[in-house]
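Undergrad: The task is simple: from the sequences and hints, build the whole structure.
What follows is each chain in one-letter form.
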Amino acid sequence: DGGITQSPKYLFRKEGQNVTLSCEQNLNHDAMYWYRQDPGQGLRLIYYSQIVNDFQKGDIAEGYSVSREKKESFPLTVTSAQKNPTAFYLCASSIMGGLGKLFFGSGTQLSVL
Amino acid sequence: AQTVTQSQPEMSVQEAETVTLSCTYDTSESDYYLFWYKQPPSRQMILVIRQEAYKQQNATENRFSVNFQKAAKSFSLKISDSQLGDAAMYFCAGYIGTASKLTFGTGTRLQVTL
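Chains A and B supply the protein sequences, listed in that same order. Quick note: to get my numbering, add 161 to the position in the first sequence (first position is 1). Quick note: to get my numbering, add 1 to the position in the second sequence (first position is 1).
By construction, these hints were calculated from the structure, which means they are not laboratory data. Bear in mind that the values here come from a model prediction, so they are computed numbers and not experimental data. Idealized CB from N, CA, C, for every residue including glycine. Wrong hints could be hidden among the right ones.
Distance condition first, Cα-Cα at most 30 angstroms in a straight line; then the derived DSS-like pairs of lysine-lysine [unchecked claim]:
| hint | chain 1 | residue 1 | chain 2 | residue 2 |
| --- | --- | --- | --- | --- |
| 1 | B | 79 | A | 262 |
| 2 | B | 102 | B | 74 |
| 3 | B | 102 | A | 170 |
| 4 | A | 262 | B | 74 |
| 5 | A | 231 | B | 102 |
| 6 | B | 102 | A | 262 |
| 7 | B | 102 | A | 232 |
| 8 | B | 102 | A | 218 |
| 9 | A | 262 | B | 71 |
| 10 | B | 102 | A | 244 |
Quick partial rundown of chain B residues pointing at chain A, CB under 10 angstroms, derived from the structure [said to hold, decoys possible]:
| hint | residue |
| --- | --- |
| 11 | 5 |
| 12 | 43 |
| 13 | 48 |
| 14 | 53 |
| 15 | 56 |
| 16 | 74 |
| 17 | 92 |
| 18 | 95 |
| 19 | 98 |
| 20 | 104 |
TA: As structure tokens, then:
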């Protein structure tokens, strides 16, 4: 079945630690996105990539980093510079020119120990 | 800049009844697309319906339809014959081609009662 796989489902971060959230898709989509969801704030865009080896900052990129070495994969690293990382993280993908029609993964809940 | 506003944090509807969720948006662009996404308790976002700004006709998908008022920058979602499975968070979102990104509202939690 085609889809987007996010792992792990739950992740805990210690003080000063970097953690990486995985996102893999087998939909052959060109574009991939990372969103952060906080209670009462909807979804906010962290980073997005429209092509391999290229990505752009979203609205809240500080404290995060990404890579896009393969079309299928778009991992997100939450660095120690992100002082409030507790949130639900959603990965999404779309075809080029998808015009907002996104397919989402099932998300990763990140909490601070 | 683009903003999407949902002013109803929570709504409730009885099973088999009709409910309307409100959304307003603001953009200076003429080419844009509007969406309603559903987030059930599983937390996976699902596309419900899409409206192209250049189309005057309101989009419909089975029991879901929109009321798109371009001049008023209003985009409401009507759910007819509500079912227990419709209980979820509903997010309004807008996409502007020049920005290449989707902007979400803060969501409306819909409860469906027997």
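Undergrad: Indicate, hint by hint, whether the structure satisfies it.
TA: How the hints compare with the structure:
no.	hint	verdict
1	B:79 x A:262	holds, 20 angstroms
2	B:102 x B:74	holds, 19 angstroms
3	B:102 x A:170	holds, 25 angstroms
4	A:262 x B:74	holds, 20 angstroms
5	A:231 x B:102	holds, 21 angstroms
6	B:102 x A:262	holds, 10 angstroms
7	B:102 x A:232	holds, 19 angstroms
8	B:102 x A:218	holds, 11 angstroms
9	A:262 x B:71	holds, 20 angstroms
10	B:102 x A:244	holds, 25 angstroms
11	5	holds, 8 angstroms
12	43	holds, 7 angstroms
13	48	holds, 6 angstroms
14	53	holds, 8 angstroms
15	56	violated, 13 angstroms
16	74	violated, 17 angstroms
17	92	holds, 6 angstroms
18	95	holds, 8 angstroms
19	98	holds, 7 angstroms
20	104	holds, 8 angstroms
Checked against the numbered hints listed earlier, the structure breaks hints 15 and 16; every other hint is satisfied.
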